[in-house]
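For the record, the sequence lines run as chains A and B. For the first sequence, the positions run 5 to 298 when the working numbering is used. For the second sequence, the positions run 14 to 285 when the working numbering is used.
Don't read these hints as lab results, they were simulated from the structure. Glycine included, C-beta positions come from ideal geometry on N, C-alpha and C. Watch out, some of these pointers could steer you wrong.
Unchecked claim - Some chain A residues near chain B, calculated using beta-carbon distances under 10 Å: (1) ALA102; (2) LEU110; (3) ARG172; (4) MET238; (5) ARG242; (6) ARG265; (7) LEU266; (8) GLU268; (9) ALA271; (10) PHE276.
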Amino acid sequence: MLAGQILNGIVTGSMYALVAIGFSLVIGTLDKLNFAHSEVFMVGGFIAVASVSFLPWQLALIVIFLAGGLLGLATEFLAFRRFQTAEGKVTAALASMALGLIITDLVHKVWGTEPVPLKLESPWLQSGHTFFGATVLNLQLVILAIAFLLMALLHILLQKTRMGRQIRALAESTVSASLLGINVRRVTQTVFFLSSALAAVGGLLVALRGGAASSEIGLSFGLKSLAIMAIGGMGDLRGALVGGLLIGVLEALMFQMGLGRLVEMTAWVTLFAVLIFLPNGLFGGGIHAREQRA
Amino acid sequence: MIGDQLFFTGINVLLAWSVYLVLMTGSLSFAQGTFMAIGCYAAGVLTVKFGWSLLPATLVGALLSSVIAAVVGWPALRLRGVYLILVTIGITFCGRVLLENVEYIGGVAGFGGMAGASLTSVFIAVGFVGAALFWLSRSPLQRSFDAVREDDRVAASLGINVPVVRLIGFCGGAFIAAVAGSLFGHYMSFVRPESFDILLSVYVVLYVVLGGVNNMWGALLGATVMTLLPEYFRVLAQWRPSVFGLAILLMLLFKPQGLLSFRTLSSRWKKA
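Chain A with its partners taken away, still in its complex shape (with noise of 0.2 Å):
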């Protein structure tokens, strides 16, 4: 039972990381928030359930992968092309913020308020294995596979490439970057292509979690993904990892304590308590955190 409800916390915690990871990408290359960001993830589960009506679940994934990726562009575009500067930094998040209440309202139009469900008619994914006496259902196999995959090619792609290296460079310093002629504008939006992508994954691996996609997410797992991001240490991809699977299962073993009614703000209470004793983050954090000290 206490396997079971560990490994539910690792599930849901590569989910939070998934999502923490993109505003940590954001933020570590150009230090601003991205409010739109748990928007997109909110989104991610609806053309999940939009796409798997009339594609196979493996298609359907690669059409959400991309589907996020131009929304993320789209973000770029009108939220925060036009505040580069320092100070735009606060005009950056409030445009993001109103781009987020449009793309939610939008949602609303279109599939109402309440819950969509997400039929996946595949017995594969419901049956399951029983180790140590807990039982391991496929689905949550593949979240978890689906989730640290992206997350290993998104290690690899900054560490190894042209592209990463160029995106590392502009986390340094704009400036230099530009001067070494690296292409800003095409980095930018790379980044946000990949944070944005990897975020609508994460909203349709939640909906097949849940059964459901809910456009109530954006607004309490998205931002808690934020809270993780600074729990991690802010622009530390690392840090979102660790932060994403220790709430994770901090939240289940809440549960498993009875005290579900407290989980909400299991993330936010962490986040109180890293910021008075580890101002920094779990690891840190990236050049920008060291930069928001005092």
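Got chain A; can you put chain B on it based on the hints?
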């Protein structure tokens, strides 16, 4: 009917001013809804369960709210940048969960029985807060606020205690929001934790941005227009989030400097 609308306009103006006070020190707060809830519940408990009259209950509720703001906000106010935004979102979620789980104040079912606030009391509150903000805009404190907002490092080098100035703004905002909350509760006579969700706080911030953050009249204008317009245009009420978001986006896009370009010090001196 028209009285109701004017009342909610007054409440929203108070909330917008509470956001404006925080914004003047260069931070954004998405916790004004929760500070409103604290004021509402604290004053409600004092009037309903202890038989206090409205005015002292409101003031005590507002003080409690600013003390809570100081305690919770301090760790984040010491840091620069986006941490305060995160903490205020956290306050909103934690506040909601706590309100829903304390049986003494009704839990999820809500808390009722308050009475006594009227349109007049809101006007008096708006008058007092407006006068205080006007006095503030002519005081030395305003210049410290300006310095901290424009460049906190320079401000610190000039001997301004940046975290304390930020704390004054944040607690002042919590105080005003709690006054609005107390009046709201005593007018509606019944509130539930879900009356104060995160969207309320988001909307209030956007009122201020829409009206312009250059001075206190912008917040007044934004809150008034955005409260009254949806009442008279049904389409606007139906598409409220979209229209709202679109208006904000367009304003921000066509004023590239952003509405957040406060009046510069030089232009203020020229006027004076």
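request  = Provide an ascending list of the numbers of those earlier hints which the structure does not satisfy.
outcome  = 3, 5
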